[in-house]
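Protein sequences, first through last, are from chains A and B. So for the first sequence, our numbering puts the first residue at 5; every next one is plus one. So for the second sequence, our numbering puts the first residue at 70; every next one is plus one.
One thing to keep in mind: the hints can contain errors.
Stated by the list, open to error - Using C-beta positions, here's what the derived DEER-type ranges look like:
(1) A:Gly303 / B:Gly82: 29 to 37 angstroms
(2) B:Pro448 / A:Ile122: 51 to 59 angstroms
(3) A:Glu310 / B:Val94: 14 to 22 angstroms
(4) A:Val130 / B:Asp268: 45 to 53 angstroms
(5) A:Leu169 / B:Lys142: 51 to 59 angstroms
(6) A:Lys228 / B:Arg75: 49 to 57 angstroms
As the list claims (entries may be wrong) - List time: in silico DMTMM-like cross-link candidates among lysine to aspartate or glutamate, alpha-carbon distance up to 25 angstroms:
(7) B:Lys142 / A:Glu121
(8) B:Lys260 / A:Glu121
(9) B:Lys213 / B:Glu546
(10) B:Lys324 / B:Asp469
(11) B:Lys260 / A:Asp321
(12) B:Lys142 / A:Glu114
(13) B:Lys324 / B:Asp392
(14) B:Lys199 / B:Asp254
(15) B:Lys142 / A:Asp57
(16) B:Lys213 / B:Asp246
(17) B:Lys433 / B:Asp129
(18) B:Lys260 / A:Glu114
(19) B:Lys142 / A:Asp321
(20) B:Lys260 / A:Asp113
(21) B:Lys271 / B:Asp246
(22) B:Lys264 / A:Glu121
These aren't lab readings, by the way, just hints derived from the structure by calculation. Model, not experiment: these values are computed from the prediction. Glycine included, every Cβ here is placed at the ideal spot set by N, Cα and C.
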Amino acid sequence: MSAPTAAPEPLAETEDTAVHVPNRRNVELGLLALALIIGMFAYANVDLAVLGDLPPNFLAVGAVFIVLLGGAHLAVRYLAPYADPFLLPAAALLNLLGLAMIHRLDLADEQRAARQEIGTPSPDVVPQLTWTALALALFVAILFFVHDHRRLQKYTYTAMVLGVLLLLSPLIPGLGTTVNGANLWIRLGPLSFQPSELAKIMLTIFFAGYLVVTRDSLALVRRKVLGLGIPRGRDLGPILVAWGVSMAVLVFQRDLGTALMFFGLFVVLLYVSTQRRSWLVIGAILFVVGAILGYFAFGHVRLRVEVWLDTWTYASDQGYQIAQSLFGLANGGMLGTGWGQGYPQFVPFAKTDFITAALGEELGVTGLMAILTVYGIIIERGLRTAIAVRDPFGKLLAVGFATVIGLQLFVVIGGVTRLIPLTGLTTPFLSYGGSALVANWMMIALLMRISDRARRPLPDGTIDPTGGLG
Amino acid sequence: MNHAIRRVGLILGLLVLALMININVQQVFLANETRDRPGNQRTVLEEYDRERGPILVGSDPVARSIPTDDQYKYLRRYSAGPLYAPATGFYSALYGATGIERTENDVLSGTSDLFLVDRLQQLLSGRDSKGGAVGLTLNDAAQKAAYSGLSGKVGSVTALDPSTGAILAMASAPSYDPNLLSTHDLQASQKAYEKLEADPNKPLLNRPLVSTPPPGSTFKLVTTAAALESGRFTPSTVVPGPASYRLPQTSVNLKNWQGTACGPGGKTTLTNALAVSCNSAFAWLGNQLGQDAIRAQAEKFGFNKSFTVPMRSAASRYPTGLDAAQTAMSAIGQFDVTASTLQMAMVGAAIGNNGITMNPYLVKEIRGADLQIVQTASPSQFATAMSPTNAKAELNMMVDVVENGTGSNAQIGGIKVGGKTGTAETGPGRPAVAWFVAVAPADNPKVAVAVCIENAGGKSEISGNGLGAPIAKSVIEAVLNNQ
Chain A
5 MSAPTAAPEP LAETEDTAVH VPNRRNVELG LLALALIIGM FAYANVDLAV LGDLPPNFLA
65 VGAVFIVLLG GAHLAVRYLA PYADPFLLPA AALLNLLGLA MIHRLDLADE QRAARQEIGT
125 PSPDVVPQLT WTALALALFV AILFFVHDHR RLQKYTYTAM VLGVLLLLSP LIPGLGTTVN
185 GANLWIRLGP LSFQPSELAK IMLTIFFAGY LVVTRDSLAL VRRKVLGLGI PRGRDLGPIL
245 VAWGVSMAVL VFQRDLGTAL MFFGLFVVLL YVSTQRRSWL VIGAILFVVG AILGYFAFGH
305 VRLRVEVWLD TWTYASDQGY QIAQSLFGLA NGGMLGTGWG QGYPQFVPFA KTDFITAALG
365 EELGVTGLMA ILTVYGIIIE RGLRTAIAVR DPFGKLLAVG FATVIGLQLF VVIGGVTRLI
425 PLTGLTTPFL SYGGSALVAN WMMIALLMRI SDRARRPLPD GTIDPTGGLG
Chain B
70 MNHAIRRVGL ILGLLVLALM ININVQQVFL ANETRDRPGN QRTVLEEYDR ERGPILVGSD
130 PVARSIPTDD QYKYLRRYSA GPLYAPATGF YSALYGATGI ERTENDVLSG TSDLFLVDRL
190 QQLLSGRDSK GGAVGLTLND AAQKAAYSGL SGKVGSVTAL DPSTGAILAM ASAPSYDPNL
250 LSTHDLQASQ KAYEKLEADP NKPLLNRPLV STPPPGSTFK LVTTAAALES GRFTPSTVVP
310 GPASYRLPQT SVNLKNWQGT ACGPGGKTTL TNALAVSCNS AFAWLGNQLG QDAIRAQAEK
370 FGFNKSFTVP MRSAASRYPT GLDAAQTAMS AIGQFDVTAS TLQMAMVGAA IGNNGITMNP
430 YLVKEIRGAD LQIVQTASPS QFATAMSPTN AKAELNMMVD VVENGTGSNA QIGGIKVGGK
490 TGTAETGPGR PAVAWFVAVA PADNPKVAVA VCIENAGGKS EISGNGLGAP IAKSVIEAVL
550 NNQ
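When you get a sec, could you build the whole thing from the sequences and use the hints?
In structure tokens form, the structure reads like this:
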């Protein structure tokens, strides 16, 4: 482990025993209020533009969010008073913007149903709102039950078993369902559920716990080639297993995005835990090999790449979604059409995979830059937490969560905006989908737990420079 | 580990930066290119967002946009249904636009450069932009007369102002109701379109401009013009007109429709040959003049050329490389000679306009959103087809057709009407095509009209007179009574 480079800020300022560490909860409250105002403004804007009137339940909805977000904030005050103050408001803002866009697309669906004189579809925003409430409840529950993130290390292998089971569960006959060409979902009665979303938490815990124990041997170097330390042959085992599992996900679940995300996560954590750049290089080589194998061995991968390179040739068939997405983005331009004034409903799966296209059309480049900046803040606060916390397990866990969010963001938004071939993943916090929302809020809860641990003063008023490890 | 974590931060930061740059590229730098690609419904919807300008006949909007409360803000309505469909075309979210809706789209949608100043004012004042109006040359009464005359038939009528080339009537039958295609109920629109497409009588075909059956005996007007212009013939020149004409280098006899000679001793004057539509005389004349002279004459009337009115017409045809028999058949408007009613109306109009062929046009004026005139059409000459003297002489011959010949049904009390009947065979087992071409009043022509019934029953000149002349007469009367 490296020497501590950044001591928590307040130490340098005073030498008193009664150090006052600002917990910055009021900053969080103020930012939460700002997020709520932006979200409610979006809600009002949608209804004014589409229906010409303020939503009748505007104040009631506002009250619900005050209770939900206020509840989460109060829980943080009591359960994790020193937690990072930016994570909760940033996640809440994205969640609210997602809800507003899902509501906006619901209205478009209703109007279309009315035109075609078919029954009004049940709005998707209602279950999404229920899932938001549930996710926030779980957020509080995690802060309550997980008093110390280091205890999670005990469940390293339990997490592995759970994670792998979750990841592979869509393959179990009778349980998995195919949505949009990928076997990503399982169906339990009326509930459909995207297990890979929860798997990413489990596998991050597993990777962190596993690498904390094995990193010393994985960091051993026998030879140096071009300045890179090459690990011993037998230490290549774990990365090859991770690669193999990712390839299996790609082959059997036809899910490019999930495969890429998990492999990337493992490589990043391997690099951080061993600090050997060679792991990044080996990971990149394996990725390239996997990509080439995938391209030549599997029709669906090849098609994705061809559609990506030559979108407009496929604009009316296999490339329809991405073409519609680009039409929407082009229509949005710099400032966007404004809430409720574009045609985001033309993009298939606008509520899930393509919600970025919907937001890009109505909020423009300006809106998407703001949204990406908010994601950037979440990632940056996650990494800052990783730097601040003392214990290596906590560091890896925090880096892992930040990396998962960053990679998922890149894969899905990059796909929707034609930076990379399209893969199926949800946009964290924005997309419609309960399991993703719950999983992402759980990650925020764990990040805040770790950051609380990192910044919390000891009972004697000082800050434990070892982060509690002694 | 912190060093490595910072590196991870750098990598993730670069990924987010790549997303940001790409979004700017897609939404700003490539936006125009993307917007213009095929399959973009949004550009169509944006057109519907603006109030599209009306299409006017006189001061009546025959096509206009009315506000709705559905996905498309404005609905295109055609007040007279199928009557003006050949001119207006339709404006459909599913099938695009046709007719004036298509050719004058930039005016109607308000994007024309003519409205640059208007647009700027609208932008500055924040008013919703509206499209401009297109005023048509059509005469409401003449159009109605033409369309109701065609009722129950398959065919077309075109009427022109001889002195300007302005299209006074362009009727097509059967027609279609553009409202069925402009509806915002896309399923209904699709059903209507598929039904129209499947109709064997092709209601979507713009017959006045693009249906080109053989013109039959009405083409004798062109042959006559060539004869007079050659300097070798006058209206009173005596020409052979036996009961039949042996087509050169064949054993085929071309018979007169009457079955008898056109005059005593198998001889007749050119005037009488036209009046009784004498096949043998004109077949003979064809070979006297030669295919090149007749083709040159036909092309001065507009044959072998497509006109932009602003919709494009199909070129009427006088073929090349004819042998003597084919030249004879072509001189009476058979073989591979084809013509639209627009073309035959242009022949009549040029004869009535001292021999000058005018370019036909349908758009009289363009008005801004405030209905102030922005641009007015200026009539233009296409060619000089005949000398004024010869044109006058041929017009008098046409009057003789109506007063003493085959065109008696076009007679109007107190007005001298010039006309020419025609019946063309289109092939064994297929119905004959009945034609009538008229110009009136002969002393100061105000209207030239061509009528073509494509599913005429009979086989003789009688059908041209019987079916075509009454329609031509009612169109002439409508124009003369409603100027």
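Right, here's what the structure says about each hint:
no.	hint	result
1	A:Gly303 / B:Gly82: 29 to 37 angstroms	holds (35 angstroms)
2	B:Pro448 / A:Ile122: 51 to 59 angstroms	holds (54 angstroms)
3	A:Glu310 / B:Val94: 14 to 22 angstroms	holds (21 angstroms)
4	A:Val130 / B:Asp268: 45 to 53 angstroms	holds (48 angstroms)
5	A:Leu169 / B:Lys142: 51 to 59 angstroms	holds (53 angstroms)
6	A:Lys228 / B:Arg75: 49 to 57 angstroms	violated (23 angstroms)
7	B:Lys142 / A:Glu121	holds (19 angstroms)
8	B:Lys260 / A:Glu121	holds (17 angstroms)
9	B:Lys213 / B:Glu546	holds (12 angstroms)
10	B:Lys324 / B:Asp469	holds (23 angstroms)
11	B:Lys260 / A:Asp321	holds (23 angstroms)
12	B:Lys142 / A:Glu114	holds (17 angstroms)
13	B:Lys324 / B:Asp392	holds (19 angstroms)
14	B:Lys199 / B:Asp254	holds (24 angstroms)
15	B:Lys142 / A:Asp57	holds (18 angstroms)
16	B:Lys213 / B:Asp246	holds (15 angstroms)
17	B:Lys433 / B:Asp129	holds (14 angstroms)
18	B:Lys260 / A:Glu114	holds (24 angstroms)
19	B:Lys142 / A:Asp321	violated (29 angstroms)
20	B:Lys260 / A:Asp113	holds (23 angstroms)
21	B:Lys271 / B:Asp246	holds (13 angstroms)
22	B:Lys264 / A:Glu121	holds (23 angstroms)
Violated hints, in rising order: 6, 19; the structure is consistent with all others.
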